[in-house]
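Engineer: With these hints in hand, go ahead and build the complete structure from the sequences.
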Amino acid sequence: MLYIRYIEVGRGCFVRRGADVGKSCVVVDLVDQKHLLVDGPSSGVERKVVRLNQLALTDLKINIPRGCRTKKIRTELAKDGMEAKIAGVSLNRKHVAKAEKAALGDFARFKLRVAKTATNRKIRSTVRKLKKSS
Amino acid sequence: NTSPTKIISSGINAEYGEKMPVYKMTIFAPDEIVAKSRFWYFLRQLKKVRKVNGEILRQTEMSNTSPTKIKNFGIWVRYDSRSGSHNMYREYRDVSRTGAVTQCYRDMAARHRARPHSIQIMKIETVKAADTKRPVIKQMHDSKIKLPLPHRILKYNKKSIFVADRPSTMQ
Numbered sequence: 001m002l003y004i005r006y007i008e009v010g011r012g013c014f015v016r017r018g019a020d021v022g023k024s025c026v027v028v029d030l031v032d033q034k035h036l037l038v039d040g041p042s043s044g045v046e047r048k049v050v051r052l053n054q055l056a057l058t059d060l061k062i063n064i065p066r067g068c069r070t071k072k073i074r075t076e077l078a079k080d081g082m083e084a085k086i087a088g089v090s091l092n093r094k095h096v097a098k099a100e101k102a103a104l105g106d107f108a109r110f111k112l113r114v115a116k117t118a119t120n121r122k123i124r125s126t127v128r129k130l131k132k133s134s
Numbered sequence: 001n002t003s004p005t006k007i008i009s010s011g012i013n014a015e016y017g018e019k020m021p022v023y024k025m026t027i028f029a030p031d032e033i034v035a036k037s038r039f040w041y042f043l044r045q046l047k048k049v050r051k052v053n054g055e056i057l058r059q060t061e062m063s064n065t066s067p068t069k070i071k072n073f074g075i076w077v078r079y080d081s082r083s084g085s086h087n088m089y090r091e092y093r094d095v096s097r098t099g100a101v102t103q104c105y106r107d108m109a110a111r112h113r114a115r116p117h118s119i120q121i122m123k124i125e126t127v128k129a130a131d132t133k134r135p136v137i138k139q140m141h142d143s144k145i146k147l148p149l150p151h152r153i154l155k156y157n158k159k160s161i162f163v164a165d166r167p168s169t170m171q
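Residue numbers (my numbering), protein chains in the order written: chain A, 1 to 134; chain B, 1 to 171.
Treat the hints with care, as some may be off.
Said to hold, decoys possible - Okay, derived cross-link-like pairs now, SDA-like style, lysine to any residue, Cα gap no bigger than 20 Å in a straight line: (1) Lys129(A) / Lys138(B); (2) Lys69(B) / Ile64(A); (3) Lys69(B) / Asp32(A); (4) Lys155(B) / Ala19(A); (5) Lys48(A) / Thr102(B); (6) Lys34(A) / Lys24(B); (7) Lys69(B) / Val49(A); (8) Lys34(A) / Lys71(B); (9) Lys34(A) / Ser160(B); (10) Lys146(B) / Lys94(A); (11) Lys144(B) / His35(A); (12) Lys61(A) / Ser81(B); (13) Lys146(B) / Glu8(A); (14) Lys94(A) / Ser160(B); (15) Lys34(A) / Leu147(B); (16) Lys61(A) / Lys71(B); (17) Lys71(B) / Arg51(A); (18) Lys155(B) / Asn53(A); (19) Lys71(B) / Gln33(A); (20) Lys48(A) / Gln103(B); (21) Lys138(B) / Glu8(A); (22) Lys72(A) / Ser143(B); (23) Lys34(A) / Tyr105(B); (24) Lys146(B) / Ala115(A); (25) Lys155(B) / Arg16(A); (26) Lys71(B) / Asp59(A); (27) Lys144(B) / Asp59(A); (28) Lys71(A) / Tyr105(B); (29) Lys144(B) / Asp32(A); (30) Lys71(A) / Thr102(B); (31) Lys71(B) / Pro65(A); (32) Lys23(A) / Leu154(B).
No lab work stands behind these hints, which were simulated from the structure alone. If you're wondering where the values come from, they're calculated on a predicted model, not measured in any experiment.
Structural biologist: Pasting the structure below:
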């Protein structure tokens, strides 16, 4: 099928808006076409109804029956390290990185700038060298 | 948001020792004060007792049973349209009675332009999936339900309002 990511029971998602931003969770049930019951026992998302647009879907899916209990979700997530996989999805990592960057202090930002200039200088000099030699 | 409150009242102006009838109602209202008001409104219609002659014995907010289990609610409504009064049976899927009743009020306003004061929730019941009537509700009763998100448009932040390439809506 063209679409890989379906909204379905067991779909791993992460919350992009709302109270639990950046946390991963699993779809447990569908209320209607715009609301889902999600649960993230290991990531601290309590079992609740969220709107579809609060979520971003991942490629990962676990095998749970519709409307199953939190305990079962926890055990299924523990299998194959699914929990770590869902949390480690690139979307989530980007979000975490963004949050870290926003939380940098002034000195940290200075250090970041120094490191960036050094890296860029190295890259540019290498490119120049390669251009000259070709 | 509506919250169901149980209100019990009895008549005052009674002779000492005389047993006054006690009435109990479940009212869906946004707060306590509105709940009391609606209680008297309904009670007046049903029994010959007014706020002046009555006394509220107890008002408690009812808690929602199983707030993480999705249920189908059948709501019997009576509402006043511009030309008359009508009964309706409506169905909603929600996690709580209060959520379903809130949905009902919003829905009635949207579909029938009915204002809250002209809506009376006569009865609300949890309905088993097999007994639901409305196709909108029945379509969710699929154990292997799945929805794609074709052409997903998320609200982009103001930063990227002009971009070189159109954003991908693939999910």
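Engineer: All the hints need checking, so say for each whether the structure fits it.
Structural biologist: Outcome of the hint check:
1. A threshold of 20 Å between alpha carbons decides the hint, and for Lys129(A) with Lys138(B) the separation of about 68 Å lies outside it, so the pair is violated.
2. Pair hint Lys69(B) plus Ile64(A) holds up; C-alpha atoms about 15 Å apart against a cutoff of 20 Å.
3. Annotation: proposed proximity of Lys69(B) to Asp32(A) holds, straight-line Cα distance about 13 Å (limit 20 Å).
4. At most 20 Å may separate the alpha-carbon atoms for a hinted pair to count; Lys155(B) and Ala19(A) meet this at roughly 17 Å.
5. Distance restraint check for Lys48(A) and Thr102(B): the Cα-Cα separation of roughly 17 Å lies within the 20 Å cut-off, and the hinted pair is therefore satisfied.
6. Between Lys34(A) and Lys24(B) the CA atoms are separated by roughly 36 Å; this puts the pair beyond 20 Å, and the hint is violated.
7. For the hint pairing Lys69(B) with Val49(A), the CA-to-CA distance comes to about 10 Å; that is within 20 Å, so the pair holds.
8. Distance check on the hinted pair: Lys34(A) and Lys71(B) sit about 16 Å apart at the alpha-carbon level, within 20 Å; holds.
9. A hinted pair counts as satisfied when its Cα atoms are at most 20 Å apart, and Lys34(A) with Ser160(B) does not qualify at roughly 25 Å.
10. Restraint check: the Cα-Cα separation between Lys146(B) and Lys94(A) comes to about 27 Å, which exceeds 20 Å; the hinted pair is violated.
11. Straight-line distance between C-alpha atoms of Lys144(B) and His35(A) comes to about 17 Å, which keeps the hinted pair within the 20 Å bound.
12. Only pairs whose Cα atoms come within 20 Å are accepted, and Lys61(A) paired with Ser81(B) is rejected, the gap being roughly 48 Å.
13. Taking the CA atoms of Lys146(B) and Glu8(A), the gap is about 4 Å. The hint holds against a cut of 20 Å.
14. A hinted pair counts as satisfied when its Cα atoms are at most 20 Å apart, and Lys94(A) with Ser160(B) qualifies at roughly 17 Å.
15. A distance of roughly 11 Å separates the Cα atoms of Lys34(A) and Leu147(B); the hinted pair therefore holds under the 20 Å criterion.
16. Between Lys61(A) and Lys71(B) the CA atoms are separated by roughly 24 Å; this puts the pair beyond 20 Å, and the hint is violated.
17. Between Lys71(B) and Arg51(A) the alpha-carbon distance is near 17 Å, which keeps this suggested pair within the 20 Å criterion.
18. Distance restraint check for Lys155(B) and Asn53(A): the Cα-Cα separation of roughly 9 Å lies within the 20 Å cut-off, and the hinted pair is therefore satisfied.
19. Of the supplied pair hints, the one linking Lys71(B) and Gln33(A) holds, its CA atoms being roughly 15 Å apart against a limit of 20 Å.
20. For the proposed pair Lys48(A) and Gln103(B), the alpha carbon gap of about 17 Å is at most 20 Å, so the pair holds.
21. For the hint pairing Lys138(B) with Glu8(A), the CA-to-CA distance comes to about 17 Å; that is within 20 Å, so the pair holds.
22. Restraint check for Lys72(A) and Ser143(B): the C-alpha separation of about 17 Å stays at or below 20 Å, so the hint holds.
23. The hinted pair formed by Lys34(A) and Tyr105(B) meets the criterion: a straight-line CA distance of about 18 Å does not exceed 20 Å.
24. Restraint check for Lys146(B) and Ala115(A): the C-alpha separation of about 47 Å exceeds 20 Å, so the hint is violated.
25. For the hint pairing Lys155(B) with Arg16(A), the CA-to-CA distance comes to about 11 Å; that is within 20 Å, so the pair holds.
26. The suggested pairing of Lys71(B) with Asp59(A) is violated, with an alpha-carbon distance near 28 Å, which exceeds 20 Å.
27. A distance of roughly 18 Å separates the Cα atoms of Lys144(B) and Asp59(A); the hinted pair therefore holds under the 20 Å criterion.
28. In summary, the hint linking Lys71(A) to Tyr105(B) is not supported, as the alpha carbons are separated by about 35 Å, beyond the 20 Å threshold.
29. A hinted pair counts as satisfied when its Cα atoms are at most 20 Å apart, and Lys144(B) with Asp32(A) qualifies at roughly 14 Å.
30. For the hint linking Lys71(A) to Thr102(B), the alpha-carbon distance of about 31 Å lies beyond 20 Å, and the restraint is violated.
31. For the proposed pair Lys71(B) and Pro65(A), the alpha carbon gap of about 16 Å is at most 20 Å, so the pair holds.
32. Annotation: proposed proximity of Lys23(A) to Leu154(B) holds, straight-line Cα distance about 18 Å (limit 20 Å).
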